[in-house]
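Protein chains in written order, with numbering that gives the first Met the number 0: chain Z, 0 to 88; chain H, 0 to 280.
Treat the hints with care, as some may be off.
Said to hold, decoys possible - Just a few of them, taken from the derived set where beta-carbon distance is under 7 Å, the chain H residues facing chain Z:
id : residue
1  : Gly16
2  : Leu18
3  : Asp19
4  : His114
5  : Val239
6  : Arg241
7  : Leu245
8  : Pro252
9  : Arg263
10 : Arg264
11 : Leu277
Hints are computed from structural coordinates only; laboratory data are not their basis. Glycine is no exception: its CB is placed at the ideal position from the N, C-alpha and C atoms.
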Amino acid sequence: MAGEAQNPLKERMTIHGELDADSFVPWIRRHAAKLGVTQAITHHSPDRIEIDLSGAPELIDMLEVGCLLGPIDVWVETIDRRPVGNAGG
Amino acid sequence: MTVGPMFDEWYPVGIFGQLDAAGRKTMLMGEPIVVARDDNGDAKVTDGTGRSLPVCVRYGHVWTSLGDPKKKLFAIPEADQPGRRFVDVGVVRVRCSPLRAVENFLDIAHFPFVHTDILGAEPHTEVQAYKVEIREDVDEVWATQVEFYQPQAAKSASGGITTQYMYRVAGPTSTVLYKTCPPRPSEWDVITLFVQPLAEDLCDVWPWMALFDDDTPMTDLIHFQQTIFLQDRSILENQVPRLLPLDPGMEMPTRADLTSVAYRRWLKRHNFTYGAQLVAQ
Chain Z
0 MAGEAQNPLK ERMTIHGELD ADSFVPWIRR HAAKLGVTQA ITHHSPDRIE
50 IDLSGAPELI DMLEVGCLLG PIDVWVETID RRPVGNAGG
Chain H
0 MTVGPMFDEW YPVGIFGQLD AAGRKTMLMG EPIVVARDDN GDAKVTDGTG
50 RSLPVCVRYG HVWTSLGDPK KKLFAIPEAD QPGRRFVDVG VVRVRCSPLR
100 AVENFLDIAH FPFVHTDILG AEPHTEVQAY KVEIREDVDE VWATQVEFYQ
150 PQAAKSASGG ITTQYMYRVA GPTSTVLYKT CPPRPSEWDV ITLFVQPLAE
200 DLCDVWPWMA LFDDDTPMTD LIHFQQTIFL QDRSILENQV PRLLPLDPGM
250 EMPTRADLTS VAYRRWLKRH NFTYGAQLVA Q
């Protein structure tokens, strides 16, 4: 709602699936940038990607929904999220 | 473009009750076909070379496949339930991807803006959280616990009600909606969208309904559903890109779009890509 500032969340998103395509990490970075979500990829292997995120809750939700589908050459099985602290105080 | 695994799926190609011996010339995935009755009055479908194609008559429609279907046509148990009225709504041609037509049917958020004062109205625009899953046992997409305020949920509704919905994707171009039945709250009205892929960016849409409604004249039931779908057509024919993106890179889907995302995931898993755009452009 207008005039209602949202505290940014800090979360760790863990993506599981068949993720060995080179396309996915840059795809995540682009999608996060479009949404205005700050990201840092802390782990990347063929079956797991971990990302630390900071941004508005709705925008992190949107990043999760986008990643669930992802580019055509990856298959995302599950996405887990957990808070890692509150940047907004 | 190769058709891929969608080649072996079932598709609607006409209303059985409207077939005659002369037949109906139409297309299926770019191939010319003829849908007709044979000497025994049974449905018969042939391709451009005269080859007989698999045929099944169900839910008022003739179904066929260019390939070799591995499964029987999906079941709709309500089609055998006594007391329901079955409505063959007819056909609407839409210049869009067949997958786009299905996806639009699954989208709740557009109701207040496209079907204003019928299936939705401002300020009731928020889509409440609901549950979406790919059911492994039946290999279908299901969205349940969907609720939305509707000024006129059905022809039989006398005023605005909060309508419960369940969506089901039973085939790559076949979807079933279960919604609150105003005259009989313990039952679901069944409204389907069966889509015939004529080409990757052109389809014939065959809605069909199984309702508990003894009062509304058949022409009014048909007119109500056609009105809804004609409102959708103007949106569908202007969507960019024309094909359904399986990479959401150029879109920003939200939680309200989870049914669409689940449908696209299911298409991707099966390599059902006829009518899909694989890479965001």
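Results of checking the hints against the structure:
{"no.": "1", "hint": "Gly16", "in the structure": "violated, 40 Å"}
{"no.": "2", "hint": "Leu18", "in the structure": "violated, 39 Å"}
{"no.": "3", "hint": "Asp19", "in the structure": "violated, 44 Å"}
{"no.": "4", "hint": "His114", "in the structure": "violated, 24 Å"}
{"no.": "5", "hint": "Val239", "in the structure": "violated, 17 Å"}
{"no.": "6", "hint": "Arg241", "in the structure": "violated, 17 Å"}
{"no.": "7", "hint": "Leu245", "in the structure": "holds, 6 Å"}
{"no.": "8", "hint": "Pro252", "in the structure": "holds, 5 Å"}
{"no.": "9", "hint": "Arg263", "in the structure": "holds, 6 Å"}
{"no.": "10", "hint": "Arg264", "in the structure": "holds, 6 Å"}
{"no.": "11", "hint": "Leu277", "in the structure": "holds, 5 Å"}
Checked against the numbered hints above, the structure violates hints 1, 2, 3, 4, 5, 6; every other hint is satisfied.
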